[in-house]
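2 protein chains.
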Amino acid sequence: MEFKFSNKVEPLKPSAIREIFKSLTNPNVISFAAGNPSPLSFPVEKLQVLANQIFEESPAASLQYGITEGYMPLRRQVEERLRSKFNTGRDFDDTIITSGGQQGIDLVAKVLCNEGDTVVCETPSFIGALNAFRSHGAVLKGLDVGEDGINPDELEAILKTDKRVKLIYLIPTFQNPAGITMSLEKRKAVLDLAKKYQVPILEDNPYGELRFSGENIPTIKSMDDEGIVVYSGSFSKVLSAGMRIGFLCGHSELIGKVAVVKQTNDVHTNQFFQMLCSKFIDTYGLDEHIKGICDLYRENCRTMISEMEKNFPDKVKFTRPDGGLFLWCTMPDGTDMKKLIADFVANDIAVVPGSTFMPDLNRMCYSFRMNYSMPTKQQIVKGVEIMGNVLKNY
Amino acid sequence: MEFKFSNKVEPLKPSAIREIFKSLTNPNVISFAAGNPSPLSFPVEKLQVLANQIFEESPAASLQYGITEGYMPLRRQVEERLRSKFNTGRDFDDTIITSGGQQGIDLVAKVLCNEGDTVVCETPSFIGALNAFRSHGAVLKGLDVGEDGINPDELEAILKTDKRVKLIYLIPTFQNPAGITMSLEKRKAVLDLAKKYQVPILEDNPYGELRFSGENIPTIKSMDDEGIVVYSGSFSKVLSAGMRIGFLCGHSELIGKVAVVKQTNDVHTNQFFQMLCSKFIDTYGLDEHIKGICDLYRENCRTMISEMEKNFPDKVKFTRPDGGLFLWCTMPDGTDMKKLIADFVANDIAVVPGSTFMPDLNRMCYSFRMNYSMPTKQQIVKGVEIMGNVLKNY
Chain X
1 MEFKFSNKVE PLKPSAIREI FKSLTNPNVI SFAAGNPSPL SFPVEKLQVL ANQIFEESPA
61 ASLQYGITEG YMPLRRQVEE RLRSKFNTGR DFDDTIITSG GQQGIDLVAK VLCNEGDTVV
121 CETPSFIGAL NAFRSHGAVL KGLDVGEDGI NPDELEAILK TDKRVKLIYL IPTFQNPAGI
181 TMSLEKRKAV LDLAKKYQVP ILEDNPYGEL RFSGENIPTI KSMDDEGIVV YSGSFSKVLS
241 AGMRIGFLCG HSELIGKVAV VKQTNDVHTN QFFQMLCSKF IDTYGLDEHI KGICDLYREN
301 CRTMISEMEK NFPDKVKFTR PDGGLFLWCT MPDGTDMKKL IADFVANDIA VVPGSTFMPD
361 LNRMCYSFRM NYSMPTKQQI VKGVEIMGNV LKNY
Chain E
1 MEFKFSNKVE PLKPSAIREI FKSLTNPNVI SFAAGNPSPL SFPVEKLQVL ANQIFEESPA
61 ASLQYGITEG YMPLRRQVEE RLRSKFNTGR DFDDTIITSG GQQGIDLVAK VLCNEGDTVV
121 CETPSFIGAL NAFRSHGAVL KGLDVGEDGI NPDELEAILK TDKRVKLIYL IPTFQNPAGI
181 TMSLEKRKAV LDLAKKYQVP ILEDNPYGEL RFSGENIPTI KSMDDEGIVV YSGSFSKVLS
241 AGMRIGFLCG HSELIGKVAV VKQTNDVHTN QFFQMLCSKF IDTYGLDEHI KGICDLYREN
301 CRTMISEMEK NFPDKVKFTR PDGGLFLWCT MPDGTDMKKL IADFVANDIA VVPGSTFMPD
361 LNRMCYSFRM NYSMPTKQQI VKGVEIMGNV LKNY
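Going line by line, the protein sequences match chains X and E. Using the numbering used here, the letters of the first sequence correspond one by one to residues 1 to 394. Using the numbering used here, the letters of the second sequence correspond one by one to residues 1 to 394.
Bound-form chain X, shown alone (with noise of 0.2 Å):
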């Protein structure tokens, strides 16, 4: 049998990504690759005892089908801890439980998106999500993320030149994999293009909570007075990313037709885990536990930065997060980056190489990414150590 596949789909090769992540098998490996949150994020002991609880309060319930917008008083302590926590969310506004953040994403674009419209997006940016872009038929289009985000001017020029522009993804907190963060005054900035354009924004913040330094700046959806903006926000990196519980907040236009969507896509998301996930919200909050997570995020990330600048040639220049998972090495223009990634391989050091990230297949690209999120202090110590000997040489 020969298949012959969808155009839309045709192109599309697994994430690079995910397939180093399945062949992290060789234990004397330090990998800086994952995507991972620390296993030292998951409440464990707090999740068994609720689990209990719930296999012996509920256990029909939490094993029979549930409805496609979600476990509804997760939604509603979703909706809740959106408004009074982030001033996010007004009452144009719905929300709906996703299967990871990435259903969200991937939920969105096939309801705006026809086959050949554009998605204007960050370069770099989450190639989960460009990947599910690509996966509609969507012609991608990057700007440059710099220092502090997107340049507005570029993005204006896109707007008003490309009426087949259907959607503006952005992740402006701990950017993926940049690290950046965008500034108040070009979120501000995008919004007022969105709304003269009248193109939605899609405002991914996986990591938003994870913030360990500096001043918290407001979501672009919390300056949404008109329903633009629709908001994906996540559980996996501050609960598990395993169980694969997101969310959706936006228009309730959208998010109706995202739920009719989804409902042929799984139907509805895992029914036990959107109650543990809620039994953990009304028992223990999150706060505490996000707390947790950002104290050892902020060590590995400050570990990672110190050793970087005590190892590395100065010609590699790297973003300072506050906050997140992820930071961005860039070498000099010109850089054999095949070579490099290959020696840090021969080396037993994994990295993901930034031209994974490009919205532009053939955009040439001489930066890396970083997590320090999963590798301990040591293996971050050692790792940067090796790491310096190998750039060196470049």
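Since the hints were derived computationally from the structure, they do not count as laboratory data. Predicted, not measured: the structure shown is a model, and the values here were computed from it. Don't take every hint at face value.
Since copy identity is lost for identical chains, a pair holds within one copy or between any two.
Stated by the list, open to error - 35 Å max Cα-Cα, derived DSBU-like pairs, lysine-lysine: (1) K163 - K4; (2) K382 - K338; (3) K160 - K4; (4) K4 - K195; (5) K13 - K141.
Given the coordinates of chain X, assemble chain E onto it according to the supplied hints.
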């Protein structure tokens, strides 16, 4: 903000069944409308014990990201069971764990269908699949299932003339909603036609193991010697529907592409429940447990049929399933179905109107679907009696 949705999702309406499900909060209603397995089919105590073991033995792995293709031991168990018990799956086949059977159907459609392509399916058919196909812009062509499956001549007539057929979607065993089973002869004929015209078959078999009478009939996939059939299975009806775990078994080339697209959809299926499912199979096997479910459904189905024979006027025809969850009642042509369904509702009886299951939305349908897995025996007796009284006026 006024949203403009993509062409493929714009006309999509929420599935009537999920809407009915949402409104079934009135405790006086006797519902034959569900598609749910009986809560008695959930092995709650066993799952609880095993869940505790997972929390203790593999807390990090069960709450962390997993690989897209699924938890490896579960994939191997699924393959092993399909091969040894159903002679299904060959060396060129591969298996992927999906977030319920629904996701498998959705991903296969996405991978194979461009907008405007044709999917051949049964009339009536599973609304979740029909809406998944519609959400990809596919054109549905339905063939009447009759008493023992679609007519192969009618299938060939379409395959001969319509060069855009990309998929043949069938539920050969205990069809939802009709409750019929395709004969072995027709299975062979349909497979031959698929091979002749090189059009893949999606064999959806979520109910196949729930046989409570009659002789087992080989799956179409078991006769597939070239990888043209992709087989969809699910744990929803045999372990837990709310956990959302299903699987696809098909040619490795197709499954490889499905995996790439699943990665963009939800990264992977809930890891904890994949491990729980695997542990259940490992510890208890599925056969004994499924036997118990079959005993329950046999009893319920027989009760429903004997009560219908007693209470329904002769002009109401209905199918007599050998397994699964549903039977299908058909009124004489010209019956005012809207009035009938409303009369049932006024008498606190819920069924699903047959029009819901039509691939062709303009097709008249004088049938309705009855579910016997959810109601108790008492509810079946009482509900069918009430329905009999309503039906006397038609």
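ask   = Is it within a copy, between copies, both, or neither that the alpha carbon of K163 lies no farther than 35 Å from that of K4?
value = both (31 Å within a copy, 13 Å between copies)
request  = With 35 Å as the alpha-carbon cut-off, assign the pair K160 and K4 to within, between, both or neither.
outcome  = between (37 Å within a copy, 18 Å between copies)
inquiry  = Please sort K4 with K195 into within, between, both or neither, judging by C-alpha distance up to 35 Å.
reply    = between (41 Å within a copy, 15 Å between copies)
task = Measure nothing new, just compare the shortest in-copy and cross-copy C-alpha distances for K13 and K141 to 35 Å and report within, between, both or neither.
result = Both: 19 Å inside a copy, 32 Å across copies.
ask   = Between the shortest in-copy and the shortest cross-copy C-alpha distance, which are at most 35 Å for K382 and K338: within, between, both, or neither?
value = within (23 Å within a copy, 73 Å between copies)
Checked against the numbered hints above, the structure violates none of them.
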